[in-house]
Structures are given as C-alpha cells and as structure tokens.
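Work out the full structure: start from the sequences and follow the hints.
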Amino acid sequence: LAFCEKVGYPCLVRPSYVLSGAAMNVAYSAEALVGFLSEAVEVSRDHPVVVSKFIENGREIDVDAVAQDGRLLLKAISEHVENAGVHSGDATLMLPPQSIGFREVNLVEEITHKLAEALEITGPFNMQLIVKDATVKVIECNLRASRSCPFSSKVTGINFIETATKAMIGVEQLLPQEPPPVREPYVGVKAPMFSFQRLKGADPSLGVEMASTGEVACFGPNRYDAFLKALMSTGMKLPRSKILVSMQEQLQAEAVPALQKLDTLGYELFGTEKTAKYLQERGLPVTLLHYRESQLEPCIDDLILRRDIELVCMFSNQYSKRTLTNYALRRLAVDYGVPLITNIQVAQLFADSLEAMGVRAESDSSKNLDPRSIHEWCT
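Mind the numbering: the sequence shown is residues 16 to 394 in the working numbering, read in order.
Incorrect hints may appear among the rest.
The calculated lysine-lysine pairs, modelled on DSSO-like cross-linking and capped at a C-alpha distance of 30 Å, are [claimed, not checked]: (1) K292 to K276; (2) K215 to K21; (3) K169 to K289; (4) K147 to K129; (5) K336 to K289; (6) K292 to K252; (7) K252 to K289; (8) K257 to K292; (9) K215 to K152; (10) K169 to K382; (11) K129 to K152; (12) K215 to K147; (13) K276 to K257; (14) K257 to K382; (15) K181 to K215; (16) K181 to K129; (17) K147 to K21; (18) K169 to K152; (19) K276 to K181; (20) K257 to K147; (21) K68 to K215; (22) K147 to K181; (23) K276 to K289; (24) K276 to K382; (25) K252 to K382; (26) K169 to K68; (27) K276 to K252; (28) K215 to K252; (29) K68 to K129; (30) K289 to K21; (31) K382 to K336; (32) K215 to K276; (33) K147 to K276; (34) K152 to K68; (35) K169 to K181.
Here are the computed distance ranges between Cβ atoms for each label pair [to be verified]: (36) V65 to D367: 33 to 41 Å; (37) I389 to T180: 37 to 45 Å; (38) D367 to P194: 45 to 53 Å; (39) A45 to Q188: 26 to 34 Å; (40) D367 to F117: 20 to 28 Å.
Because the hints were derived from the structure by calculation, they are not lab data. Just so you know, even glycine gets a beta-carbon here, dropped at the ideal spot from N, CA and C.
Next up, the structure:
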C-alpha cells in the first residue's frame, strides 16, 4: 500500500509463476488493491506477489529473439495495435512496427542486445516493452519461446526455433542472421481468436489476463490490408451498414475520430443513451437505442436479436457505471454472432483500414484486398 501511494495509482498486481496473466489485475484505488492482493495470494500462496506502477496510454512492443552465449543472433520487433494493458496473447501485432519512431526502435534493439549479454542467454527469449514519451522501458523478459515466435518466423522468413535449437545444442558457433531479401516490402498482422461463444457466461472484454484461444496472421502491402484480412480470417464479417456504439464518458473524445470516419464512409451509427447524445452534440447523425430495462423503443436487444446491428463497439473502463448492463450487451452480441470491438485503438485502425482499402457501407469488402500469400511476397 505504501509503494502504491508513493508511485500513484493505477498499479499492476501480478502473482508469481502463473500462465497467461492469471489473477493479474490493475488496481485504481487502495480498496481495489487489497482485494486483488488477496486474490493473488490465493493463486500463488507460496511465492511473492509483484506490485508495479501501471503506465497508461503507452505503446507496447513485443520482441522475439534468439541468442547464443549472450550474443544476439535473431530478433523480430512487433508493435501492438492496442495500448499497453491488453495481454500480449490477446493483442493485435504488427510486424514491422508501424507507428513507433526510428529512435525508439533503435532503443529496443539496444536493450535486446544488452539483456542477451547480461543474462548470458543461449536459446530463445521474448520481451515486452512499453514506449511512452520517447522513453522505452522493459515490462518483462521471458527465457523461452513465445506464442508470437511462429508469427515472427513467418514474417521474417527465418525459423527462430531451428536457430534456437542449434544454439542450445552448441555444436557450432552461429553467426547473427538477417531476414532474406524480399520482392517488395510487406506487413504482417497477427489477430487473436476467441472462444467466447463456447464459454457460456464469459465476459468478452480484454484486459491484462489472457482470454484468447488462438490466433491468425495475414500479410499485405500495408497494415490496413493485412489488418482487414486478419480480422476476416478470425471469422469476423465486416459490417455493411449498421453499427452500435456505447462509450464510457471518459473515453468519448478519444473514440470520436474513428466514429466520424465510419460516418463519412456511409455507415449508419446507433448509440446508447449518453453516447447518442454526446455524438449528436458533435454533429454526428446517430439513432438512439434504449436499454431493455427502460422499456422504451427501439430497444438494443431487439435489434441485436434480429441481427439488424452488424457490429457492436463498446468502450468501457473502470469508471463505467452500468457494469452488468454492459456485460449483458457484450454477451448478447457474442451469443448472436455479432462482431464486437472493445478497444478504441482497434476501432481506429478498423476505420482507417476501411478508408484506406476503399471499403464503404454496402460495398464489397474484399475487392481491393491483396490476395497474395506469404510465399509470393518472399520469392
């Protein structure tokens, strides 16, 4: 408690020796911290609980790498679409980084070399780092292969695990490797896949504890092409017209640019009570939908049940007051197969990608997407 008071909330609570961020939570108050500490102790009673400052609105970086006797042999640097705070297994990854500056990327490379040398690593390792205000900090370094390692191998054209195995066997001293030349530059995007439809009652929202059960990667001439193909490959159907939006008050201003772009592209926006009022005041045409408990028409539930709504964008946070109602709405969308976006950065890239690839409401969503496979890019 004293540490959190010193560095300021929010703070991250992490039990030791758990997989996928189990019982990991972000505490925004002393009261929440006490509850999360009790939960963490139950999960890992015999080992310490780590409490650290949680940095908000930072960009997260994933690094897959291989070293031998502390010498870096391979590295792949990916950028998360989502701000830091979403578990790396649930994050959407872009390789190479698309919005991180050269200076920050060089710092990440320098840190990767120094950690490999300091820890005398032989074999694969994975790092998560956070970039904010031109500063790069290490979140964690794991001396193992990560779930993103196959993605890094595919995008770079180098088999990370094969190299790591040779390094660990130690028969020969390996030389550092660079990706082979390609016909033209391309971007790889890895999107998570979830099984919420099969998990009755599970809350389909993202946080520091991992929820995804798979992933898919696609490649394209730019992030927009690759991102849309990755979403579609997870089974998501791009909306043709009607999109429902619900936003917590503190997130409204951040979400407006994406919604303005969707409106410009011809999509019909629907909003919950406060969201609709906020957007209408800013000149966006939005149709008001009511919660079921209000007993007013038109009702959100009815339009989702009829699948008139083709995409639900729900942006909530720790300050949301309609916690159970928001959960029920997310759950309803998943149960009836309506695509759901709960992260503003993903929504912004989604809107940007539709615009960049010439996709408008009621149009053919795939006609401008590049159909080439990774083999056609690399050979």
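Right, here's what the structure says about each hint:
Proximity of K292 to K276 is assessed by CA-CA distance (about 18 Å); at most 30 Å being required, the pair is judged to hold. Between K215 and K21 the CA atoms are separated by roughly 41 Å; this puts the pair beyond 30 Å, and the hint is violated. Straight-line distance between C-alpha atoms of K169 and K289 comes to about 45 Å, which puts the hinted pair past the 30 Å bound. This hinted pair checks out: K147 and K129 have alpha carbons roughly 20 Å apart, not beyond 30 Å.
In summary, the hint linking K336 to K289 is supported, as the alpha carbons are separated by about 12 Å, within the 30 Å threshold. The straight-line distance between the Cα atoms of K292 and K252 is roughly 28 Å, inside the 30 Å bound, and the hint therefore holds. For a cut-off of 30 Å, the pair hint linking K252 to K289 stands: about 27 Å separates their Cα positions. The straight-line distance between the Cα atoms of K257 and K292 is roughly 18 Å, inside the 30 Å bound, and the hint therefore holds.
Under the criterion of a C-alpha separation no larger than 30 Å, the hint pairing K215 with K152 is inconsistent with the structure, at around 38 Å. Distance hint between K169 and K382 is fulfilled; the C-alpha atoms sit about 25 Å from each other, no more than 30 Å. Our distance criterion of 30 Å between C-alpha atoms is met by K129 and K152, whose separation comes to about 13 Å. For the hint linking K215 to K147, the alpha-carbon distance of about 38 Å lies beyond 30 Å, and the restraint is violated.
Distance hint between K276 and K257 is fulfilled; the C-alpha atoms sit about 14 Å from each other, no more than 30 Å. Proposed proximity of K257 and K382 is supported: the alpha carbons are some 21 Å apart, at most 30 Å. Pair hint K181 plus K215 does not hold up; C-alpha atoms about 44 Å apart against a cutoff of 30 Å. A hinted pair counts as satisfied when its Cα atoms are at most 30 Å apart, and K181 with K129 qualifies at roughly 22 Å.
Under the criterion of a C-alpha separation no larger than 30 Å, the hint pairing K147 with K21 is consistent with the structure, at around 21 Å. The straight-line distance between the Cα atoms of K169 and K152 is roughly 27 Å, inside the 30 Å bound, and the hint therefore holds. The straight-line distance between the Cα atoms of K276 and K181 is roughly 50 Å, outside the 30 Å bound, and the hint therefore fails. Simply put, K257 and K147 have alpha-carbon atoms about 35 Å apart, too far for the 30 Å limit, and the pair is violated.
About 34 Å separates the Cα atoms of K68 and K215, which puts this hinted pair outside 30 Å; it is violated. Distance hint between K147 and K181 is unfulfilled; the C-alpha atoms sit about 36 Å from each other, more than 30 Å. About 20 Å separates the Cα atoms of K276 and K289, which keeps this hinted pair within 30 Å; it holds. Annotation: proposed proximity of K276 to K382 holds, straight-line Cα distance about 20 Å (limit 30 Å).
Simply put, K252 and K382 have alpha-carbon atoms about 14 Å apart, close enough for the 30 Å limit, and the pair holds. For a cut-off of 30 Å, the pair hint linking K169 to K68 is broken: about 34 Å separates their Cα positions. In summary, the hint linking K276 to K252 is supported, as the alpha carbons are separated by about 19 Å, within the 30 Å threshold. Annotation: proposed proximity of K215 to K252 holds, straight-line Cα distance about 22 Å (limit 30 Å).
A threshold of 30 Å between alpha carbons decides the hint, and for K68 with K129 the separation of about 23 Å falls inside it, so the pair holds. A threshold of 30 Å between alpha carbons decides the hint, and for K289 with K21 the separation of about 36 Å lies outside it, so the pair is violated. As the CA atoms of K382 and K336 are separated by approximately 42 Å, the hinted pair breaks the 30 Å bound. Restraint check for K215 and K276: not satisfied, since their Cα atoms lie roughly 34 Å apart, outside the 30 Å limit.
Note on K147 and K276: the hinted pairing holds, with a Cα-Cα distance of about 26 Å set against a maximum of 30 Å. Between K152 and K68, the direct Cα distance comes to roughly 12 Å. Compliance with the 30 Å bound is thereby established for this hinted pair. This hinted pair checks out: K169 and K181 have alpha carbons roughly 19 Å apart, not beyond 30 Å. The hinted range of 33 to 41 Å is satisfied by V65 and D367, whose Cβ atoms lie roughly 36 Å apart.
For I389 paired with T180, a C-beta distance near 22 Å fails the hint of 37 to 45 Å. Separation of D367 from P194 is about 27 Å and departs from the stated range, judged on CB atoms against 45 to 53 Å. A C-beta distance of roughly 53 Å is found between A45 and Q188, which places it outside the suggested range of 26 to 34 Å. Restraint check, D367 to F117: a C-beta distance of roughly 22 Å satisfies the suggested window 20 to 28 Å.
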